[in-house]
Amino acid sequence: MKNVINFTCIVLFMTCSYLVNAQIPEKEKQYLIDFNKSTVGEQWQRKWDLKSDPATWHGVEVANGHVVGLKLYRNNLTGAIPNGISALSHLKSLNLAFNVIEGELPKDLFSLQKLSSLRLEMNKISGTLPQDFSKMAALEELSMFNNLFQGEIPDGIGEISNLKTLNLSSNYLEGSLPKSLEKLEKLERLELFGNKLAGAIEVDLGRLVNLREIILSYNKFEGDLPSGMATLSNLEFVQLQGNDFRSLNSLLRMQSTKLAVFDSDDEFLNLKFGTGEINRTRIVDTKYEDAKRN
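Take the sequence shown: its letters are residues -22 to -1, 1 to 272, numbered as in mature numbering (1 follows the signal peptide of the UniProt record, and there is no 0).
If you're looking for bench data, these hints aren't it; they were derived computationally from the structure.
With a cut-off of at most 30 Å between alpha-carbon atoms, the simulated DSBU-like pairs for lysine-lysine come out as follows:
1) 174 x 102
2) 164 x 174
3) 29 x 15
4) 161 x 142
5) 92 x 102
6) 113 x 92
7) 113 x 157
8) 70 x 102
9) 102 x 157
10) 113 x 174
11) 164 x 102
12) 85 x 15
13) 142 x 113
14) 85 x 157
15) 49 x 15
Let the sequences and hints guide you as you build the complete structure.
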């Protein structure tokens, strides 16, 4: 009887192991192989053994028989992200930050309906941002700072209703802020440092009630800063310097009691809200966080 029980346990264990390590669909595996080739996998710091189970490959996360994560942060990826990434239809997290990826993003990247985190910062990705984000309702984090993106921030970005972090700093984006941004009521971090964005800000910033960080420094914004910004009670980190704002007087009534950093070209406001810290940009903090979060 004991032997029968032991045999049954072994069978159950082997069955469970098989289910856990079951091969992903062939189309998902093939895309990963194509991705490896397109980004010069033989030069990666942590390479893949393409003869082994994809679930064992560095940065590949598999759950319920599908690829749900691709995290190849700081792994010496070069080349371009190949078309066909929609094959990874269960992907929830894509982190390719701090590599040397070039070229434009595949259009089908923005059709991944389950993606909640997209991090492509510190690469050399070029092109423009897509107009349509309607399929990305699950996205909470969009971080693509320090790339070569051009053109305007599309109005469609307001469709990402669950977005909490938007970081497009240090690119070559131009034009005005799309008014659709005010629909992102869950947004906590808005970071647009060091672009060529210009004109008056027509966005009702007061609607972004969860905003903790707003980084608009070193652009070409002008006119009066929207008065609604003063009502944001959760603000902790504000950088507005290096623009052509006519007036920041609306911030004299700032309601937030949580400010840790405040930088602007108005010395009176800097004294009123400043913390005495050396001026710094959110970019510096982000690099530090990325090193911890990978």
